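Chains as they are written, first to last, in numbering that gives the first Met the number 0: chain Y, 0 to 102; chain B, 0 to 155.
Calculated from the structure, these hints are not laboratory results. Misleading hints may appear alongside valid ones.
What the hints assert, rightly or not - Simulated restraints on C-beta separations:
1) B:25 with Y:59: 44 to 52 Å
2) B:40 with Y:61: 19 to 27 Å
3) B:115 with Y:75: 28 to 36 Å
Stated by the list, open to error - Chain B regions said to be covered by chain Y (calculated; three or more residues, Cβ under 8 Å):
4) 10 to 24
5) 55 to 66
None of these values were measured; they are calculated from a predicted model. Cβ coordinates follow ideal geometry from the N, Cα and C atoms, glycine included.
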Amino acid sequence: MVMFATILIMSLLAVAVCAAAFAAATRDEASRQPQPERRLAVAPPRFFADPAARPAGGSLVPVEVLLSQIERHVRLEQAAAEDYLDVPTPDALHSRTTSPFLN
Amino acid sequence: MTSAQPDLVKGLSAEETTRFMALGVSTGLASGQTLFRLGTEADKAYLVVRGRIALTLPIQIRGAEEEVLVEEKVPGETVGWSGLVPPHRFTLNATAAITSELLAFSRAVVLDHFAAHPGVGHAVTRNLAAVIGHRLQVFQTMWLREMQRAVDHRYA
Chain Y
0 MVMFATILIM
10 SLLAVAVCAA
20 AFAAATRDEA
30 SRQPQPERRL
40 AVAPPRFFAD
50 PAARPAGGSL
60 VPVEVLLSQI
70 ERHVRLEQAA
80 AEDYLDVPTP
90 DALHSRTTSP
100 FLN
Chain B
0 MTSAQPDLVK
10 GLSAEETTRF
20 MALGVSTGLA
30 SGQTLFRLGT
40 EADKAYLVVR
50 GRIALTLPIQ
60 IRGAEEEVLV
70 EEKVPGETVG
80 WSGLVPPHRF
90 TLNATAAITS
100 ELLAFSRAVV
110 LDHFAAHPGV
120 GHAVTRNLAA
130 VIGHRLQVFQ
140 TMWLREMQRA
150 VDHRYA
């Protein structure tokens, strides 16, 4: 009888220890997982520009350099548009640009 | 001007071209001088004879307004067709990129000439439509390319 009681108490103790260990392990895993819903709610809707994609040193570019890059970009885009209008194909419409403004 | 026929008078006979060109008043611009400003009333269209005219639009950069080049017009090309097309308001800024010479065509004078010579009016109006249509197609294409980049950037 004493032996039976000892085995029963030891078994209950082992089950309790295992349950505590499992609960601790699953709680750590849950706290490490990202919470996408919260991030989506924080990000404001934007169309043309994603602030996260801005170059870190963007604000350091002098205005004159930026204007020069925009001017070159416009010229390249007009040339690409003229090429497309000469021979209109989907490939010509979406041809890659070498514009430093975008690369 | 180049040896090619100016875009506004394509299809006209030599005599018709001479008569039409005689309507224009020669106008000189120093480098950097303004031809017209965005939003102002347009009562003349211009033909570039010599030099280069820069068409620009304002853009905000770090809180300051800067002019960005949209298009350049060279000898033989028409500038300021808003002078002939309602609602007669310029939608761009035009300045001389270098010392330039233009022929200024007053709307009233041109319309009187069209009334007296309907064949010339028809041909010049068709040429003007081609100039405007080309601008539309170029900018439509540029806009679609930018849209594609926005889609690639945002949703790829």
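Hint check results:
Checked against the hint of 44 to 52 Å, the C-beta distance between residue 25 (chain B) and residue 59 (chain Y) comes to roughly 47 Å, which is consistent with it. At about 37 Å, the beta-carbon gap between residue 40 (chain B) and residue 61 (chain Y) misses the expected band of 19 to 27 Å. As the Cβ distance of residue 115 (chain B) to residue 75 (chain Y) is approximately 45 Å, the hint placing it in 28 to 36 Å is violated. With 0 residues having a Cβ less than 8 Å from any Cβ of chain Y, the region 10 to 24 of chain B misses the three-residue criterion, and the hint is violated.
As drawn, the region 55 to 66 of chain B meets chain Y at 5 residues by the rule of a beta-carbon pair under 8 Å; at three or more, the given contact holds.
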